[in-house]
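Chemist: Each chain, written out:
There are 2 protein chains.
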Amino acid sequence: MLVSALLTSVGINSGLCVLFFTLYSILRKQPSNYEVYIPRLMAEGKSKLRSSFNLERLIPSTGWVKRAWKPSEEDLLSMSGLDAVVFMRIITFSLKVFLFAGVIGIFVLLPVNCSGDQLQDIDFADLSNNSLDVFTISNLRRGSKRLWAHFSAVYLVTAFLCYLLYYEFKYITAKRIDFFHSTKPQPHQFTILVRSIPVSAGNSVRESVERFFLEYHPSTYLSHMVVHQSSKLPSLIKDAKKLCKRLTHLQSESSQQKHGHVGLFGKKVDLVDHYGKKLEDIEENMRLERSEVSLAAEVRELRAAFVSFKSRYGAAVAFHMQQSTNPTEWVTELAPEPHDVYWPFFSSTFMKRWLSKIAVVVACILLTILFLIPVLVVQGLTNLNQLEIWFPFLKSILTVTFVSEVVTGYLPSLILQLFLTIVPPIMEFLSSIQGYICHSEIEKSACNKVLWFTIWNIFFATVFSGSVLYQVFIFLDPKNIPARLGVAVPAQASFFIAYVVTSGWTSTSSELFRLFPLMWSLIKKPFSCCSDEEFEVPSVPYHREIPRILFFGLLGITYFFLAPLILPFLLVYLCLAYIIYRNQFINVYAPKYETAGKFWPIVHNSMIFSLLLMQAIAFGIFTLKKLSLASTLVIPLPILTLLFNEYCRKRFLPNFIAYPAEVLIKRDREDRHDPNMTEFYENLVTAYQDPALLPIEFSSNPDSLRSPLISSAQVLR
Amino acid sequence: MLVSALLTSVGINSGLCVLFFTLYSILRKQPSNYEVYIPRLMAEGKSKLRSSFNLERLIPSTGWVKRAWKPSEEDLLSMSGLDAVVFMRIITFSLKVFLFAGVIGIFVLLPVNCSGDQLQDIDFADLSNNSLDVFTISNLRRGSKRLWAHFSAVYLVTAFLCYLLYYEFKYITAKRIDFFHSTKPQPHQFTILVRSIPVSAGNSVRESVERFFLEYHPSTYLSHMVVHQSSKLPSLIKDAKKLCKRLTHLQSESSQQKHGHVGLFGKKVDLVDHYGKKLEDIEENMRLERSEVSLAAEVRELRAAFVSFKSRYGAAVAFHMQQSTNPTEWVTELAPEPHDVYWPFFSSTFMKRWLSKIAVVVACILLTILFLIPVLVVQGLTNLNQLEIWFPFLKSILTVTFVSEVVTGYLPSLILQLFLTIVPPIMEFLSSIQGYICHSEIEKSACNKVLWFTIWNIFFATVFSGSVLYQVFIFLDPKNIPARLGVAVPAQASFFIAYVVTSGWTSTSSELFRLFPLMWSLIKKPFSCCSDEEFEVPSVPYHREIPRILFFGLLGITYFFLAPLILPFLLVYLCLAYIIYRNQFINVYAPKYETAGKFWPIVHNSMIFSLLLMQAIAFGIFTLKKLSLASTLVIPLPILTLLFNEYCRKRFLPNFIAYPAEVLIKRDREDRHDPNMTEFYENLVTAYQDPALLPIEFSSNPDSLRSPLISSAQVLR
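Protein chains in written order, with this note's numbering: chain A, 10 to 726; chain B, 10 to 726.
Treat each hint with caution, since some may be false.
Copies of the same chain are indistinguishable here, so a pair counts whether it falls within one copy or spans any two.
[To be verified] Below 20 Å or equal to it, Euclidean Cα-Cα: the simulated PhoX-like pairs (lysine-lysine) are:
1) Lys184 / Lys635
2) Lys361 / Lys659
3) Lys366 / Lys659
4) Lys38 / Lys105
5) Lys607 / Lys179
FYI, nobody ran anything at the bench for these hints, they're computed from the structure.
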C-alpha cells in the first residue's frame, strides 16, 4: 500500500469521526433523540424535562466529554457494576501497554528502521507515492546489528506486559472479592442449578429433588424449583403484551381525536376492532396452552431444578462436590441471577448438552470457512492488478488516483467491517443453543468465539491470504510457522494500519453516534403509534466490543516492533474508546447482569496469545534476517511466558470460577444477625419461577387465569 | 529380519522359559529359597515347616499352576486389594482384545496378506531363509481390493475395544465404590493434607491451622498434625536399627561359639566392641539431633499439616472447596494412608513444588535424549552390514549363520531390555522429588512416565530409527505423520515380534523365577550373619509392570492388521503373565498401599492412544496403497474415538479422583452407631505423626529418649 492510500483512508475516517462527533453533540440535545442517546438517564428519570427550543441546541458542544471524564472508578462501579469497570480497565490496560510500546517504537525503532538501506530505491523526497515499508523492519539488511534494538524491545515489552497482566489480574480479583462482600444477599448466591436429575419410575422430578437434598444436605437445603419446559406460552404472552399496548394507545388516541377527521377515525375504530379480535384469539390460545400445561404438569417437568440453600456456603459445597456416583447425574452448577436466566433453550440432559456443544463447534468451523469468501474478496481489492484482471471494465475508473486510493486504502477494511458486524449475533445465537442457561454465560462464550473468529479470519486469513486449506496446512507444519509469519506479517502492516483507522476510529465514533439505533428510531417513528411503546434501556454488547478491543491489542503487540507506525493510530483509537465508552456507560447502557469481572480471564488469555504470536514472529524475523543468535535467544521467551500464564491461572483463575470458603463463610456470618433475612428467604423460594408460568402458579381459580393485561381487551370492546 | 532369525530368537527364549519354569518348580521347594519364592506366605506364617529332605523336592512339578489358577477375583481382592485385581484385569482385558483381534488377524488377514503378490520374488518352498514381510500388509499391491478386509478389521477392533473399555471402566468404578463401602474406617478417609499454610508473624504453624479450621470448619474439624522437617534422624534411626540387629546376632553367636576356635572368637569379640562403639556414636548423634529438634521445634515446623475431620464428608468438603482467597495458600489434597506417606522430600510451598515439577519434566526430556544412544546401537545390530562397517574385525564371526542370527534376532531386544530395566527406578526417583507425598502417587506418576518413555523410546525411536531431532521434526510436521508411520511401522514388524518374545516371554518367566532376588539372596547368604535379618515382603512394582503390559498392548493394537503374526506371540505372553502374576500375588507380593484402582485411568488412556496411533497408521497405509476411499473413511474413526474418550472421562474419571457426596455420607451414617468410633478417633489424632519424631513426642523425661533398641548397646557392653 502506498502512503497516499493510507493518508486517504486516514482522511476519510478522520472526517467521518469529526462528522459523527459534531452530529452527536447536536442531536443528543434534541428531545426526540433522548431515547437513542440517553435512554439510561430517561429510564432513571434523570433526564431534564423537554425544554423549549433554543439556539444552543443547534450548536455543537463538548460538555459531554467533560462529564464523561469526571466519574471515578467507584462511581462507575456503583452505576454500572463491576463488568463495566473491567471493561474500562481493558482500555486503560491497553493504553498503558501501548504508551510504553509507543515510546520505544516511535523514538527508538522507527528511526532505526528508517536508517536501514534494504529498500534503497526509495526517494525520500517523494514519500507520498512510496511504500510504507521504509518504516518497517523490512528496511533493515540481513544480519544488521540494529536488529538488536528490536530484540531488546521484544524482551522489554514482554516483561512490561507480563508485569501489568499480573498486577491487573490481582487487582480485579481483589475487586471481585470486595464486590462480593459489598453486595446484599442475592438469590443466585444461595442457589445452584441441578441438571440430569434421575427419576425413578412413579416419581416426579419434584419428589426426587426433595428426597435427594433432604437426605444428603439436610442441614443446609432450603427449597427447590423444578424447571418446566418452555412451551409456546412465552411468545404468546409477548404478543399479547404488544397488542395490548397498541390497543390501549389506539383507544386513548381515538377518544382524543373523536372530533377530528372522520375518515381517519373510522379507520382507527376498525383497527381497534381488528386488534381486539386478534387479542381474543391469543387469549384463547393461551388458555388452551395453560390448561394443557397444568394438566400435563408432571410430564412437562424438565429434569432440572434450581435448588436453594440456607447459606452461601451450603450452596457452594453442593456445587463443588460430585453428588452422585454417576457424575453425569445430579450435575450441579452455580445458578445465574434470576433475571439472567435464559429459558428458551433450557436443555437438561447431560448427553443432549454435550452433543449440542459438539454441534456448535462444527457450526463455528463451517462459519469460519464460509467467512473466508468476503476476506478473499477484500484481499483482491488491496491488489489492484488482480482486480483489473477479474473485472476488466473497471480499468478506466481505477486509473483515477483518488478512486484507486479509496479502493485500496479504504474499501477493503470497510467491507470486512460490515461483514464482521454480523458475526457477534451469529456467535451469540450459537452460544445460546450450546446449553448455557443465562445471558451472561452466553455472552461470555460468544465473546470467546468472536475473539478467536476475528483472530483467525482477520489476522491469519489476511496474513496468509490463502484458502482455508492452505491455512490449515500451514498449521499442520508447525516448525515453519515462525518463518512464514516472519515473511507474511510485516507485509500486511499497512493494511492493518488502515484497519485500525477504519474499524477502530470510525466504528468507535459511530458507537457514540449510535448510527443504527438512530436510523432505526427515525424509521420507526412515523409508524409507531405511541411514544412510550417498548422503551428498553440497552445493555453493552460485551461479546461485540471486547473482542474488538482485544483484536486491536493483538495487532498492536504483534506489530509494535515490525511497523511501529501502527502505534500512534492505536493510541488515538484507545483514547477515543476511553472517553466514548465512559459516556455510553453514563448515558446509554444499563447493566443487564453482573458477572463480577468474569470477562477478565478472556482478556488475559488473549494478551498471552498475542505475546506468544509476537514472539513467534520475532523468532521468524530474526531467522530470516540471519541474526541467529537473536533468534536463539528469543526461544526462552515463549517458555517463560507460558510458565507465567500457568502461574497466573493457578494463582487467580479459581477465584473467577467460584468464591472461596473463607469469603462465603464470612458473608454468611454477617447475615446471621440481619433481620431482613427472613423476608429474603421467603422471596428466595419463588425467585427462580419461570416467568411464563407465574400466573398459573399463583391461581387456583381458573377464571383468574386471565391476567389484567388480557382482560383489558374485553374492556375495550 | 529373516524367518530363521526370528525362529532362533523364539527358540532361545522358549528354552529360557522352560529352564526358568523347571528351575522355579524345583527351587521353590527348597526351604533355603522360601524367602525368595514365598516371602508373603512366610510373613503370614502360612508356609509349611521345613520338612526333611525327600526326593520329591528335586522333581519339577506343576502344582503351583493349579494353585495360581484357583483363586477367584474375590479371593484376590481380599488377599491383595483392589490394585491387584485391577492389575489382573489389565491382563484379562488384553487377552480378550487380542483373542478377538487374533481370530480376525490369523484367520482373515493373514491369508489375505499371503495371497498378495507384491513381493513375488519370494520362494515359498524356502520360507525359512526369506523375509517375514510376506505375512504383512506390505505383500498387497497398491489399490488392491483385499485391503478392505484390513479396513473392516480396523473398524471392528476399534468398536470392540471401545466397548470393552467402557465396560471395564464401569466395572472398576463400581468395584471401587464397593471397596470403599466394604472397608473399615481408615485415617486417610478422614484426613486431608494442607500445604502452603500462611503464618502471620509471631504465630506458629500449629496455631494458624488451629485457628483457621476452628473458624471455618468448626462443626467437622477434629485435630491436626503439623509436618516437621525430616532431619538426619530417619537415616540415623535406620542405621541404629541395623547395627543393633547385627550386634544382638553377633552376641548370640559369640555366646554359642564360646568354646569354638579362639582366634575367630577373638575377632568376633572385637567386632562386638567395634559395633558397640559405633552404635554409641550414633546414639550420641541422635540425642543431639533430637534435642535440637525439640529446641527448634517451632522453627522446623513445615508449613504443612495433616488435618483430620470428624467425618469423611467433612474432609471431602474441605478438600473440594478452595479455602482461601489466594488459591496458592491453604492448598488441600486428600491424605494418603499413614504408612504410605513418603517423608524425605516433603516440600510444602506452592512455588517450590511447581518449580520442582518443571525441573522433573526437563530431567525426563534429558533422560529420553540420553537413552537414544543404546537404542541407536540396537538399531545398528539389526543391520548387519553397518555393524561390519563399524567393527571390521567382527566380520569373520558374523559370517557364522548362528551368530548372525543371534546378533540380529536376539541381541537387540536383549540389550534394549537390559537398558529398560534401569528406567523404572530412575523415573520413580524423579517422581519422588516432584512433590508427591506418598509412595502410591509416586508410583502412579512413575508408571505414567515409564509408559510414555517406553512408547517414545522403544516404539517411535525404533520405527523412525533416527536421532531425537529427526523424531522431533517428524512431530513438527504433523500432516506427514500418518504417511511416515505407514512406511516405517510395517517395516519393523519382525523386530517387534522378536521384542515380544524376548521382553515378554523371558522377562515374565524371569519374574516368576525372580532371577535378581534369587541372585541377591545367594550372594548375600555367605555374608549375612543372621537368617532372619531384614526380611521384608516385597510389593508389586506397578510402575515397572503396568507400562510393560500396556506397551505390549500398544504393539498388538498397532500391528494386528499390519502383521497379524505378532498376535499368537502376544497371546502366549499374556497367558504366561496371567498365571505367573497370579502366582506372585499369592506367594510373593504383599500390597504396600491401596489406591483402590487409581491405576486404571492410565490403562484407559494408553489404550485410547494406541487406538489413535493404529488409526493414524491405517490412514497412512491406505493412502500409500492408493486406496483413497478407505483412507478417507478412516478419518471419522479417530474423531469418534476421541469423543468416546471424552465421554468416558466425564462419566467415570471423577470417581477416581474423589468419592462422591452420596457415598461418603452413606458411609458416615453407617459409622454413627459404631461403638468403635471413639477409639478410632483417638487413634486418628496421632495417625500421621512422623515416625522419626514419635519417641520425642511421647517422652517428657529426657532420659527416656533412649529407645529400647539403643539401650541394648549398653547391655551388650
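Chemist: With identical chains treated as interchangeable, where does the CA-CA distance between Lys38 and Lys105 reach 20 Å or less: within a copy, between copies, both, or neither?
Modeler: neither (34 Å within a copy, 81 Å between copies)
Chemist: Should Lys184 paired with Lys635 be assigned to within, between, both, or neither, using CA atoms and 20 Å as the limit?
Modeler: neither (47 Å within a copy, 62 Å between copies)
Chemist: Could you place Lys366 and Lys659 in one of the four classes (within, between, both, neither) given a Cα distance threshold of 20 Å?
Modeler: Between copies only: 14 Å across, 26 Å inside.
Chemist: Have a look at Lys607 and Lys179 and pick one of within, between, both or neither, based on CA distance no larger than 20 Å.
Modeler: Within one copy only: 13 Å inside a chain, 36 Å across chains, cut-off 20 Å.
Chemist: Could you place Lys361 and Lys659 in one of the four classes (within, between, both, neither) given a Cα distance threshold of 20 Å?
Modeler: between (31 Å within a copy, 14 Å between copies)
This entry does not satisfy hints 1, 4, going by the numbered hints stated previously.
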